[in-house]
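Undergrad: Take a look at the letters that make up each chain.
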Amino acid sequence: GEQVEQLPSILRVQEGSSASINCSYEDSASNYFPWYKQEPGENPKLIIDIRSNMERKQIQELIVLLDKKAKRFSLHITDTQPGDSAMYFCAARENYGNEKITFGAGTKLTIKP
Amino acid sequence: DPKIIQKPKYLVAVTGSEKILICEQYLGHNAMYWYRQSAKKPLEFMFSYSYQKLMDNQTASSRFQPQSSKKNHLDLQITALKPDDSATYFCASSQEGDQDTQYFGPGTRLLVL
Chain L
16 GEQVEQLPSI LRVQEGSSAS INCSYEDSAS NYFPWYKQEP GENPKLIIDI
66 RSNMERKQIQ ELIVLLDKKA KRFSLHITDT QPGDSAMYFC AARENYGNEK
116 ITFGAGTKLT IKP
Chain P
3 DPKIIQKPKY LVAVTGSEKI LICEQYLGHN AMYWYRQSAK KPLEFMFSYS
53 YQKLMDNQTA SSRFQPQSSK KNHLDLQITA LKPDDSATYF CASSQEGDQD
103 TQYFGPGTRL LVL
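Chain order of the listed sequences is L and P.
Residues in the first sequence are numbered from 16 upward in steps of one, following my numbering.
Residues in the second sequence are numbered from 3 upward in steps of one, following my numbering.
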């Protein structure tokens, strides 16, 4: 099955700077890559996703990049704010008519004031 | 997401007992899932259902049995509970035809003593 590696596991950045989280996957058949944000005691919430027919997608301060050849994708948060502090999970879905999503181990992002 | 209801929010059980975790979604989705999250492991896919039929089962133990009495219900029965079953169990759902985007319920936090 698919394996997703996510780094770093802990990330601290200064408020106003950018934060980057990197993920890699193994199965070249994976075609959908969502990112979820989870705050303490809450459920994971989808914040942005990218499909395999795209290389870049941006929603406000969130940018995701996908390199299919390298089997890597990344999340970049520009102009970080205290509200961006949370756990972030990348994920990949295989294209076998299978709805299973495999998650990375998560990145704990802390924005320092 | 308030349109995905999970009951109970917190659950304490004794080793060896049996519990049922309830999930109902009012998003009109046809596909539903169960995930587990613990301190030891990241978000872990357990089951997927589509139109009340089991699509994928990634749980090794038969102690975990999903039950779908209605299209918008997917309960999770856990028998012979063990302390290692302690985790937060998230139900999720997605729309047929847009199966990529999965929305998570608030979770049931299970503690097995």
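Rather than coming from a laboratory, the hints here were simulated on the basis of the structure.
Every residue gets a Cβ at the ideal spot worked out from N, C-alpha and C, and that includes glycine.
Heads up, some of the hints might be wrong.
Only pairs whose alpha carbons sit at most 16 Å apart, straight line, appear in this in silico EDC-like list of lysine to aspartate or glutamate [stated by the list, open to error]:
hint	chain 1	residue 1	chain 2	residue 2
1	P	K9	L	E20
2	P	K73	P	E26
3	L	K115	P	E46
4	P	K55	P	D77
5	L	K123	L	D42
6	L	K83	L	E41
7	L	K115	L	E57
8	L	K83	L	D99
9	P	K43	P	D77
10	L	K115	P	D58
11	P	K42	P	D77
12	L	K84	L	E57
13	L	K123	L	E70
14	L	K83	L	E70
15	P	K43	L	D42
16	P	K11	L	E57
17	L	K60	L	D99
18	P	K5	L	E20
Computed far set for chain L versus chain P, every beta-carbon distance over 10 Å [said to hold, decoys possible]:
hint	residue
19	S35
20	N58
21	K84
22	S89
Undergrad: Against this structure, judge whether each hint is valid.
TA: Going down the list of hints, with the structure as the test:
1. Simply put, P/K9 and L/E20 have alpha-carbon atoms about 32 Å apart, too far for the 16 Å limit, and the pair is violated.
2. With a CA separation close to 9 Å, the supplied pair P/K73 and P/E26 stays within the 16 Å bound.
3. With a C-alpha separation of about 10 Å, the suggested pairing of L/K115 with P/E46 holds against the 16 Å cut-off.
4. For the hint linking P/K55 to P/D77, the alpha-carbon distance of about 13 Å falls within 16 Å, and the restraint holds.
5. For the hint linking L/K123 to L/D42, the alpha-carbon distance of about 25 Å lies beyond 16 Å, and the restraint is violated.
6. Under the criterion of a C-alpha separation no larger than 16 Å, the hint pairing L/K83 with L/E41 is consistent with the structure, at around 11 Å.
7. Between L/K115 and L/E57, the direct Cα distance comes to roughly 21 Å. Violation of the 16 Å bound is thereby established for this hinted pair.
8. With a C-alpha separation of about 27 Å, the suggested pairing of L/K83 with L/D99 is violated against the 16 Å cut-off.
9. At roughly 22 Å between alpha-carbon atoms, P/K43 and P/D77 are farther apart than 16 Å, so this suggested pair is violated.
10. Taken as a hint, the L/K115 and P/D58 pair is honoured in the structure, with Cα atoms around 7 Å apart against an allowance of 16 Å.
11. Under the criterion of a C-alpha separation no larger than 16 Å, the hint pairing P/K42 with P/D77 is inconsistent with the structure, at around 24 Å.
12. About 35 Å separates the Cα atoms of L/K84 and L/E57, which puts this hinted pair outside 16 Å; it is violated.
13. A hinted pair counts as satisfied when its Cα atoms are at most 16 Å apart, and L/K123 with L/E70 does not qualify at roughly 25 Å.
14. A hinted pair counts as satisfied when its Cα atoms are at most 16 Å apart, and L/K83 with L/E70 qualifies at roughly 8 Å.
15. Taking the CA atoms of P/K43 and L/D42, the gap is near 21 Å; set against the 16 Å cutoff, the hint is violated.
16. Straight-line distance between C-alpha atoms of P/K11 and L/E57 comes to about 11 Å, which keeps the hinted pair within the 16 Å bound.
17. With a C-alpha separation of about 13 Å, the suggested pair L/K60 and L/D99 falls inside the 16 Å cut-off, and the hint holds.
18. Pair hint P/K5 plus L/E20 does not hold up; C-alpha atoms about 31 Å apart against a cutoff of 16 Å.
19. A cut-off of 10 Å between C-beta atoms confirms that L/S35 is not in contact with chain P; the least separation is 19 Å.
20. Not every CB of chain P lies more than 10 Å from the CB of L/N58, the least distance being 4 Å, so the non-interface label is violated.
21. Chain P leaves L/K84 outside its interface by the beta-carbon criterion, the shortest separation being 22 Å against a cut-off of 10 Å.
22. Annotated as non-interface, L/S89 keeps its C-beta farther than 10 Å from every C-beta of chain P; the closest such distance is 18 Å.
Against the hints set out earlier in the document, violations occur for numbers 1, 5, 7, 8, 9, 11, 12, 13, 15, 18, 20.
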